[in-house]
Amino acid sequence: MPLTATHIAYYHLCRRKLWLFANGITMEHTSDLVADGRFIHENSYERRADKFSEVEIDGSKIDFYDAKNKVIHETKRSAAREVAHGWQVKYYIYLLKKSGIEGVSGKIEYPVFHQCTDVLLTQDDEIYIEKTIRNIEELTASPACPPKIEKKKCRYCSYFDFCWSEEY
Amino acid sequence: MKKTYYLFNAGRMSRKDNTLQFTPQDEEGKELPPKYIPIESVSDLYCYGALDANSALYNFLGKSQVAVHFFDYYEHYTGSFMPKDYLLAGKVQIEQTMHHVKKEKRMVLARLFIEGAAFNMLKNLRYYNNREKNVQPQIDSIEQFMEMLHGYTEVDELMGLEGNIRQCYYQAFETIIDEFTMGNRTKQPPSNEVNALISFGNMMCYSLCLGQIYHTQLNPTISFLHEPGARRYSLALDLAEIFKPLLVDRTIFTVLNKKQLQADDFRIELNRCIMKDAAKKTFVKAFEERINETIQHRSLKRSVSYKHLVKLECYKLSKHILGVETYKPFKTWW
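Top to bottom, those sequences are chains A and B. So the first sequence is numbered by the numbering used here: it starts at 1 and just counts up by one. So the second sequence is numbered by the numbering used here: it starts at 1001 and just counts up by one.
Warning: the hint list may mix true and false statements.
Said to hold, decoys possible - 30 Å max Cα-Cα, derived BS3-like pairs, lysine-lysine:
| hint | chain 1 | residue 1 | chain 2 | residue 2 |
| --- | --- | --- | --- | --- |
| 1 | B | Lys1187 | B | Lys1331 |
| 2 | B | Lys1319 | B | Lys1331 |
| 3 | B | Lys1084 | A | Lys61 |
| 4 | B | Lys1091 | A | Lys61 |
| 5 | A | Lys151 | B | Lys1002 |
| 6 | A | Lys148 | B | Lys1102 |
| 7 | B | Lys1003 | B | Lys1319 |
| 8 | A | Lys152 | B | Lys1328 |
| 9 | B | Lys1063 | B | Lys1281 |
| 10 | A | Lys152 | B | Lys1319 |
| 11 | A | Lys153 | B | Lys1319 |
| 12 | B | Lys1331 | B | Lys1003 |
To be verified - Negatives, chain A to chain B, calculated, CB over 10 Å:
| hint | residue |
| --- | --- |
| 13 | Asp36 |
| 14 | Lys61 |
| 15 | Asp63 |
| 16 | Val71 |
| 17 | Ser78 |
| 18 | Gly103 |
| 19 | Glu109 |
| 20 | Thr117 |
| 21 | Asp124 |
| 22 | Ile133 |
No lab work stands behind these hints, which were simulated from the structure alone. Quick caveat: nothing in here was measured; it's all calculated off a predicted structure. Backbone N, C-alpha and C define an ideal beta-carbon position, used for all residues, glycine too.
Please build the complete structure, drawing on both the sequences and the hints.
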């Protein structure tokens, strides 16, 4: 499986989630939140599709790319400014740069809250991404599944039932 | 929340734009007004009546990940239309196979399934034992059988033990059920009302387990306690062992002891007892209510339905197979 922006995002959210995902245990089909996010994605900015295109690069899918202004648009459901969201977009910029498209910036949009955040890729970011890619490869190749993190963070995760179902 | 739909009426199911349209037929084959079922609300379909459909419908159902389970006139499970596998995980497949092939690994899981099943059977018996139904002799013998669990080293010995436990357990039905007698457990065909209900209920439980396994990465044909048969999703049989006492048997006790089903709900033919259509409907309704009942889950700390417990069991099994956490079978804790 090629390394995708999802890996990058999960790496920042939870190592266990990353390991499970990379080993084929996907859970998004069980999540109402994910379905909700998809709905928001499909139904926000409906006229945008005429101008912008969906780009697939190295297995990562960029939902809206404005090629004229070189801006990546990423829509998110929750207003929580997750570190993971930023790294996901930075990784897209990184991928485009690797394939020769310079000067790209990103915009994370929260349509439900009418807010957005701008994202740029710095030189330090690039070094960090390359280090992260190596870390991810090492982590996902390991036979051992990383431990659970604290439960409070897990509540809205689609893996919650998987990780926390136990018998006493 | 997606629901299971049970089709007792004969009729035609078709795709109407992005919705299901069901046109029932009356006994003379005349079409009745159509009903519409939003596809998003359907988890699976159970067909007891004659269903007319075309491949366009199955393409639509397949895309929407809706399984269809078929039953013949005698309510036997005849097969399923299963949508394309959409959750494939090579690592899980390989590890699941290893747990089947390596005998020590397989024995561990096979024992745990029996342990869980027997625990839940005992739970039922103790419940009734505390309610002036004396089933202490059966409790004692099942406990004795359980002591032998760790002495066995072959899977078919375990299956034999499971058979003995279940035989004991079914003997207690005689005491628990007020109006009907159970006699020996007979299948193919069931000889009396209780046997007919057990067969019908077990099949419901089996289909439920299969439906839940489908939405996980587990392979339903690779089992541990049961031998993988050519035509059976035998992992569903393994899981069903654990849930039958909670889901099926308790429903049977309820519908019979509350007289929701009575002698005239059944038809005795030459050598078999058949549930009439109304009886099937009553039982399915009671079963649906049962599996949608919720409890506060101890480790998740939120309320979950009995049906969801089956899915959680699949997760625990996946974790065991991946070496994340040792599997512990579900044991009724309330």
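These are the hints, each one checked on the structure:
1. B:Lys1187 with B:Lys1331: holds, 27 Å
2. B:Lys1319 with B:Lys1331: Distance of about 18 Å is within 30 Å: holds.
3. B:Lys1084 with A:Lys61: holds, 24 Å
4. B:Lys1091 with A:Lys61: holds, 25 Å
5. A:Lys151 with B:Lys1002: holds, 27 Å
6. A:Lys148 with B:Lys1102: holds, 28 Å
7. B:Lys1003 with B:Lys1319: holds, 27 Å
8. A:Lys152 with B:Lys1328: holds, 24 Å
9. B:Lys1063 with B:Lys1281: The given pair, whose Cα atoms are some 29 Å apart, holds under the 30 Å limit.
10. A:Lys152 with B:Lys1319: Satisfied, since the Cα-Cα distance of roughly 21 Å is no more than 30 Å.
11. A:Lys153 with B:Lys1319: Holds, at about 20 Å.
12. B:Lys1331 with B:Lys1003: Roughly 25 Å between the alpha carbons, so the hint for lysine 1331 of chain B and lysine 1003 of chain B holds.
13. Asp36: holds, 13 Å
14. Lys61: holds, 18 Å
15. Asp63: holds, 22 Å
16. Val71: Its Cβ never comes within 10 Å of chain B, the nearest being 33 Å, so this holds.
17. Ser78: About 20 Å separates serine 78 of chain A from the closest Cβ of chain B, which puts it past 10 Å; holds.
18. Gly103: holds, 39 Å
19. Glu109: With a cut-off of 10 Å, glutamate 109 of chain A remains clear of chain B, as the shortest Cβ separation is near 26 Å.
20. Thr117: At about 32 Å from chain B, threonine 117 of chain A clears the 10 Å cut-off, so the statement holds.
21. Asp124: Given a closest Cβ separation of 35 Å, the condition holds.
22. Ile133: The assertion about isoleucine 133 of chain A holds, with a minimum of 21 Å to chain B.
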